[in-house]
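Undergrad: Given next are the chains, with one letter for each unit.
Number of protein chains: 4
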Amino acid sequence: MATRQIPMLSLEAAKVAAEGAQEKAKQMGMDFNIALVDGTLQLLHFVRMPNAKLTSIQISIDKAFTAAGHRSPTSAYQNKVFLPGGPAFGIHNSNGGRFMIIGGGIPIEVDGVTVGAIGVSTGTPAQDIECATAGVEAVNAFVKRKSGSKL
Amino acid sequence: MATRQIPMLSLEAAKVAAEGAQEKAKQMGMDFNIALVDGTLQLLHFVRMPNAKLTSIQISIDKAFTAAGHRSPTSAYQNKVFLPGGPAFGIHNSNGGRFMIIGGGIPIEVDGVTVGAIGVSTGTPAQDIECATAGVEAVNAFVKRKSGSKL
Amino acid sequence: MATRQIPMLSLEAAKVAAEGAQEKAKQMGMDFNIALVDGTLQLLHFVRMPNAKLTSIQISIDKAFTAAGHRSPTSAYQNKVFLPGGPAFGIHNSNGGRFMIIGGGIPIEVDGVTVGAIGVSTGTPAQDIECATAGVEAVNAFVKRKSGSKL
Amino acid sequence: MATRQIPMLSLEAAKVAAEGAQEKAKQMGMDFNIALVDGTLQLLHFVRMPNAKLTSIQISIDKAFTAAGHRSPTSAYQNKVFLPGGPAFGIHNSNGGRFMIIGGGIPIEVDGVTVGAIGVSTGTPAQDIECATAGVEAVNAFVKRKSGSKL
Numbered sequence: 359m360a361t362r363q364i365p366m367l368s369l370e371a372a373k374v375a376a377e378g379a380q381e382k383a384k385q386m387g388m389d390f391n392i393a394l395v396d397g398t399l400q401l402l403h404f405v406r407m408p409n410a411k412l413t414s415i416q417i418s419i420d421k422a423f424t425a426a427g428h429r430s431p432t433s434a435y436q437n438k439v440f441l442p443g444g445p446a447f448g449i450h451n452s453n454g455g456r457f458m459i460i461g462g463g464i465p466i467e468v469d470g471v472t473v474g475a476i477g478v479s480t481g482t483p484a485q486d487i488e489c490a491t492a493g494v495e496a497v498n499a500f501v502k503r504k505s506g507s508k509l
Numbered sequence: 359m360a361t362r363q364i365p366m367l368s369l370e371a372a373k374v375a376a377e378g379a380q381e382k383a384k385q386m387g388m389d390f391n392i393a394l395v396d397g398t399l400q401l402l403h404f405v406r407m408p409n410a411k412l413t414s415i416q417i418s419i420d421k422a423f424t425a426a427g428h429r430s431p432t433s434a435y436q437n438k439v440f441l442p443g444g445p446a447f448g449i450h451n452s453n454g455g456r457f458m459i460i461g462g463g464i465p466i467e468v469d470g471v472t473v474g475a476i477g478v479s480t481g482t483p484a485q486d487i488e489c490a491t492a493g494v495e496a497v498n499a500f501v502k503r504k505s506g507s508k509l
Numbered sequence: 359m360a361t362r363q364i365p366m367l368s369l370e371a372a373k374v375a376a377e378g379a380q381e382k383a384k385q386m387g388m389d390f391n392i393a394l395v396d397g398t399l400q401l402l403h404f405v406r407m408p409n410a411k412l413t414s415i416q417i418s419i420d421k422a423f424t425a426a427g428h429r430s431p432t433s434a435y436q437n438k439v440f441l442p443g444g445p446a447f448g449i450h451n452s453n454g455g456r457f458m459i460i461g462g463g464i465p466i467e468v469d470g471v472t473v474g475a476i477g478v479s480t481g482t483p484a485q486d487i488e489c490a491t492a493g494v495e496a497v498n499a500f501v502k503r504k505s506g507s508k509l
Numbered sequence: 359m360a361t362r363q364i365p366m367l368s369l370e371a372a373k374v375a376a377e378g379a380q381e382k383a384k385q386m387g388m389d390f391n392i393a394l395v396d397g398t399l400q401l402l403h404f405v406r407m408p409n410a411k412l413t414s415i416q417i418s419i420d421k422a423f424t425a426a427g428h429r430s431p432t433s434a435y436q437n438k439v440f441l442p443g444g445p446a447f448g449i450h451n452s453n454g455g456r457f458m459i460i461g462g463g464i465p466i467e468v469d470g471v472t473v474g475a476i477g478v479s480t481g482t483p484a485q486d487i488e489c490a491t492a493g494v495e496a497v498n499a500f501v502k503r504k505s506g507s508k509l
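Residue numbers (my numbering), protein chains in the order written: chain A, 359 to 509; chain B, 359 to 509; chain C, 359 to 509; chain D, 359 to 509.
Hints should not be assumed to be uniformly reliable.
Because identical chains cannot be distinguished in the list, a pair is counted as satisfied if it fits within a single copy or across any two copies.
[Claimed, not checked] Dumping the calculated SDA-like pairs for lysine to any residue here, alpha-carbon to alpha-carbon at most 20 Å:
1) Lys411 with Ser452
2) Lys411 with Ala434
3) Lys504 with Ser430
4) Lys411 with Pro445
Think of the hints as simulated: they come from the structure by calculation, not from any bench.
So here's chain A without its partners, still in its complex pose:
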């Protein structure tokens, strides 16, 4: 075959993810940068909440880039294989330094396939993960609703 079909996160679902993350942020009383990429790893949707850090804009985008590209949460890189002396140490320098190994980037999966990712930044890694997780859960709920409506 000359082509293959690749499922990509839709803009509609990216907006659902960003909304879910913003709602969680309001519950947390914090502001975040929230970035969504699809399977091309290119920016699809972005929201900077009022008090989010300007130095976290690119971090949020790069977390989404890394999570979608490596199909793994960016929190996974505390494993010792990525630490100095480990066989994968140095990965954070790759891709022009865009490979983020700080939690807050999470793949978005549909039917077991990574179709994009969300990246969140401004808080601690734990706070960023909490906010990003809400975004992923919002997409998962959206997928379920859509599946249900087909029945």
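On the provided structure of chain A, position chains B, C and D as indicated by the hints.
TA: Structure of chains B, C and D alone, referenced to chain A:
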């Protein structure tokens, strides 16, 4: 004084601009990348419509960056002063090549002050300008509604 | 609202900070690069003292950029969460490598809000911090004088 | 000989230039970015006046860089040898795009030797040149006063 107050485009208004631009895009039957920056020139909001060009993502962001920074539509640079032999030729090379002289970046002004900008890309410059203008007009209408609601 | 007001460090205050830092440098018998940014994270004022290191120019600017953007002294990143194995390790790679985790960048706060930052480089981190602190203190004294003059 | 002596613009003289340029700016009723480099082409002194364009910061620095490096005002590049079809066309792309061919960068000469340059940006090229010229003249007057005081 140790500080000065600078008005910045709000996220709320940036979303209004992006919505206005997307509605216009649907009327035009086209998809665009739509970027909003505030007065820091940093990304505030971004939407990539499904069929928008991947190589136009950065162009849309850089159009907004240029329009907000130079407080002028990016369509202004067809003036002969910016053409070869003109005294301002070469400006498109500045800022690491981010200075966009292609139409589609338009400042957003409130009370006569540039508070941010919209940048649109994927179509011809004329199409990008048409879509970006709809975004600016949506903010202007929003500002009027808000002013009215204060009375 | 379509806009929000953001307080920004004034040029006048930035000059006061640079003067304070230069006076301290003379007391220390050393020369430094001294950079000031406002809340846009963009360069506002810069002084290279005669014997300051050329490779420290960009470091001083990036320390100010980081301190203003993350609203925290750049000396804060010795905390173990930013060390290998910690959950925020890798942050020094972000923002195209401009995120400085070496002391010498300090936010400037007015009325509890970060309005900019000073970045100092050429000496040891401890020396850079000493010089930068003098800059911050000079602004704080300036703010107090200005507040007093309003009475 | 293993070494040679190179005269470099001093910080003291750079501050004189920046002051002269700022005074002229106030007479003109405009705000500018004002950058000084010495013979290393590295930033020596910088002032961003309150209403100067953020997208002109790097332009001012690059104008000074170009004027000091090529020992020529940046307004010299309207000559047809630098235009499309001319033998030197394309020079504006060199140095990573930092070679500015827009007026407003002027070498500072002492005893017939280029020791640095001033770069000014925000206005039209003519306005930038007017402001930059005032900076150069301030240094020239400073040099004369210093020469006189030696007598």
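Undergrad: Each hint needs a verdict: does it hold in this structure or not?
TA: Evaluated hints:
{"no.": "1", "hint": "Lys411 with Ser452", "verdict": "between (24 Å within a copy, 13 Å between copies)"}
{"no.": "2", "hint": "Lys411 with Ala434", "verdict": "between (24 Å within a copy, 16 Å between copies)"}
{"no.": "3", "hint": "Lys504 with Ser430", "verdict": "neither (25 Å within a copy, 35 Å between copies)"}
{"no.": "4", "hint": "Lys411 with Pro445", "verdict": "between (33 Å within a copy, 18 Å between copies)"}
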